[in-house]
Amino acid sequence: MATKASRSAARLMMAPAVILLLGWMLVPLIMTLWFSFRTYLPLRGGDQGWTGFDNYVRFVSSSAFWPAVQTTLLIVLGVLVITVCLGILLAILLDQPMWGQGVVRILVIAPFFVMPTVSALVWKNMFMDPVNGLLAHLWRFFGAEPVSWLSDASLQSIIMIVSWQWLPFATLILLTAIQSLDSEQLEAAEMDGAPVLKRFFYIILPHLSRAITIVILIQTIFLLAIFAEIFVTTGGAFGTRTLSYLIFQRVLESQNVGLGSAGGVYAIILANIVAIFLMRIVGKNLDT
Amino acid sequence: MARAVSPRRKLINTGLAWAIGLLIFFPILWTILTSFKTEAQAIASPPLFLGFDWTLENYGVVMERSDYGRFLMNSIIIAGGSTILGLIVAVPAAWSMAFVPSRRTKDILLWMLSTKMLPAVGVLYPIYLLFIQLGLLDSRAGLVIVMMLINLPIIVWMLYTYFREIPVEILEAARMDGATLKEEVLYILTPMAVPGIASTMLLNFILAWNEAFWTLNLTAVDAAPLTAFIASYSSPEGLFFAKLSAASTMAIAPILILGWFSQKQLVRGLTFGAVK
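In the order they appear, the protein sequences are chains U and S. For the first sequence, position 240 (counting from the first letter as 1) is numbered 240 according to the numbering used here, and the numbering increases by one without interruption. For any residue, its number in the numbering used here is found by taking its place in the second sequence, counting from 1, and adding 288.
I should point out that these hints are in silico values taken from the structure, not numbers from a laboratory. In this text, a Cβ means the ideal position worked out from N, Cα and C, and glycines have one as well. Just to be clear, a hint being listed does not mean it is correct.
[Said to hold, decoys possible] Short, incomplete list of chain S residues facing chain U, as computed with Cβ under 10 Å: (1) T343; (2) L360; (3) P380; (4) W497; (5) V563.
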């Protein structure tokens, strides 16, 4: 049993991690809040005093705001639908008996380990280049006109690249969840003559529901923040400017820190709404 | 789990799974193959799959032209340094939370998790400004600190879930047998904790290696790691597919190999123990 001495020792052991994270969270957060209420243009006059909620109003009413929200939602939803649906199917397939299962798993998981700048550039140039890209060759082979992917179908292309990166994550987690499914239950259902679709909807899907929720929540948090994929492909052009990217441009490219910080506060609130749901699930799991 | 199925079904499963697996892996395979072509062969139409003259020329060009060694060194120092520093801070914390839990342990863990959810772009300018003031912009030390901080919640969480699996009864039995605290830590706890610590290290090294928001925004020349090295290829320059492929292959090869060893830890580390 824990004694008083061991309790204070425990607190001491925890202190560095807690203090560091507290500083890492609070200092920048307070600074962002502070800047968001000021007119702050580092290259054009510096800090010009309080403006109240002006930045918040201007950020939302700028012509770039709603398109950015729309782009963000489309990318997040698009990638979620693709990775979760394909992830479920792939996880079920990988759970089946087969030869060389280990190798296939490795092949499927590999994209997750490719750094974002590499996957974005490889897709952009070697696959989506309208002249020399592999997809252009494929299109020409079938007699079709090659597509300028990143300018004519920019959003779809980004969704495609990001989905490729995140499909392994969804698959791996869903596979782990499927493997914890009691196979006797499935066999019993099979014996009783339950058709494949029924087994899927009444046994597998309910069993996976928690894992699916976790995949959705974690991916949403990461997808809201995708950066490198846009930075090296379109640089935010052709309707691929997400909310994160818009804030980045306001802060570092046009050096309007006040306005960008107000955007940052919106992004923080948005991420926190998602995070609350995730924490509930994780928290419940801690009790057991 | 080995369910008995007919050989025919197993054959179909195998074929389908391999086809999909290869399709997903194909962009990586294509990059590796292209890295061994000449620039002209890299854009040949129709594309060449295996029937080309293998050459190592691109690797030489990439290494010569862009000081690849420095970027690699920076990646290793940033990913390695932040992982080690993170462990130094996290091991005691996770240890005390796992073995001396209090009423607040759960809240602290969840709060740590919440700091990981903070969108980087929301705090970009403050960090940027602090870095300028402290002279940390474009320095390895600065990035080591930032990487350590953004991954610290994951490190604490992973270690916590591993440590919690160590049965307390063993410790009590050792104490009964008169083991001193030093012996307890050295001979009982350490051997049981090492696998968990190693897995945590591996996953965090990978995450830090691939991180591409702070590394792109807080470095310029001196401290730029491989993520930034690759980003420098984003403006096309004549024929460069083979060189891009060689550079990419060099940037991802070490992590692909490490990553294959860390599949299981990946699930644990990225779902905060919620999926096992």
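Structure-based check of each hint:
no. : hint : verdict
1   : T343 : violated (17 Å)
2   : L360 : violated (13 Å)
3   : P380 : holds (4 Å)
4   : W497 : holds (7 Å)
5   : V563 : holds (5 Å)
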